[in-house]
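Asks: Each chain, letter by letter, is given below.
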Amino acid sequence: EAQVTQNPRYLITVTGKKLTVTCSQNMNHEYMSWYRQDPGLGLRQIYYSMNVEVTDKGDVPEGYKVSRKEKRNFPLILESPSPNQTSLYFCASSLYAGPRGEAFFGQGTRLTVV
Amino acid sequence: GQNIDQPTEMTATEGAIVQINCTYQTSGFNGLFWYQQHAGEAPTFLSYNVLDGLEEKGRFSSFLSRSKGYSYLLLKELQMKDSASYLCAVSHNYGQNFVFGPGTRLSVLP
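Heads up: the sequence lines are chains A and B, in that order.
Residue numbers for the first sequence follow the working numbering, so the first one is 18 and each next one is one higher.
Residue numbers for the second sequence follow the working numbering, so the first one is 16 and each next one is one higher.
Honestly, the hints are just simulated from the structure, not real lab data.
Treat the hints with care, as some may be off.
As the list claims (entries may be wrong) - Only pairs whose alpha carbons sit at most 35 Å apart, straight line, appear in this in silico DSBU-like list of lysine-lysine:
#1 LYS86/A to LYS35/A
#2 LYS83/B to LYS74/A
#3 LYS72/B to LYS88/A
#4 LYS74/A to LYS91/B
#5 LYS96/B to LYS83/B
#6 LYS34/A to LYS86/A
Said to hold, decoys possible - Just a few of them, taken from the derived set where beta-carbon distance is under 10 Å, the chain B residues facing chain A:
#7 GLN21
#8 GLY55
#9 ALA57
#10 THR59
#11 TYR63
#12 TYR85
#13 ALA99
#14 SER106
#15 PHE115
#16 SER122
#17 LEU124
To be verified - Far from chain A, by Cβ distances over 10 Å, these chain B residues were calculated:
#18 ILE32
#19 PRO58
#20 GLU71
#21 LYS72
#22 ARG74
#23 SER76
#24 SER98
#25 ASN112
#26 GLY118
#27 VAL123
This structure is a prediction, so every number in the text was calculated from the model and none was measured.
Glycine residues also receive a C-beta, built at the ideal position from the N, C-alpha and C atoms.
Take the sequences, apply the hints, and build the full model.
Replies: Next up, the structure:
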């Protein structure tokens, strides 16, 4: 089954404790991206990757890191989480960026930083 | 910068037709997408428009006017399961970035 898998689904952590949210897709998609979703603000792009070893900042990259060592995986790293990073996070992939680039989303990760 | 506007909330009756508007300002426009998102779930793709005009897909249609920076999603024969948020998204920067609007929460009443 074609899918985007994120882990964990729910995470509560403390300020400053490094964490990684994993994202994996099995569709051989080139384009992957991370979003955060907050009430009233909608989905905002954090980072995106056009292909292996090619990553770039989205609209809200501060406090986040990503890597794309393999085509299927695109982990999101919070080196020193802070309470303002409490949010619902989505990973998405598409065959390629641009027209006809329908995005498939993971199930979401609800992160709480206390 | 990029800016996308949608109404915050809409209400309609089962069996009716509803039109959700989206206006945008962006550079390097590459396409406009509509997604549906039920509460607590991931967004799912509905439609996309690259050229001006109407794209029809069953009960859902989407329209684009690039010169006006305007799109709408038309939902016909509304069903209770259509109660969800509808997200307008623009692909810009020659396809590298997606920007999502704030979403329109649609409530379908019996």
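Asks: Which numbered hints turn out to be false for this structure?
Replies: When the structure is compared with the hints, numbers 4, 12, 13, 16, 17, 19, 25, 26 turn out to be violated.
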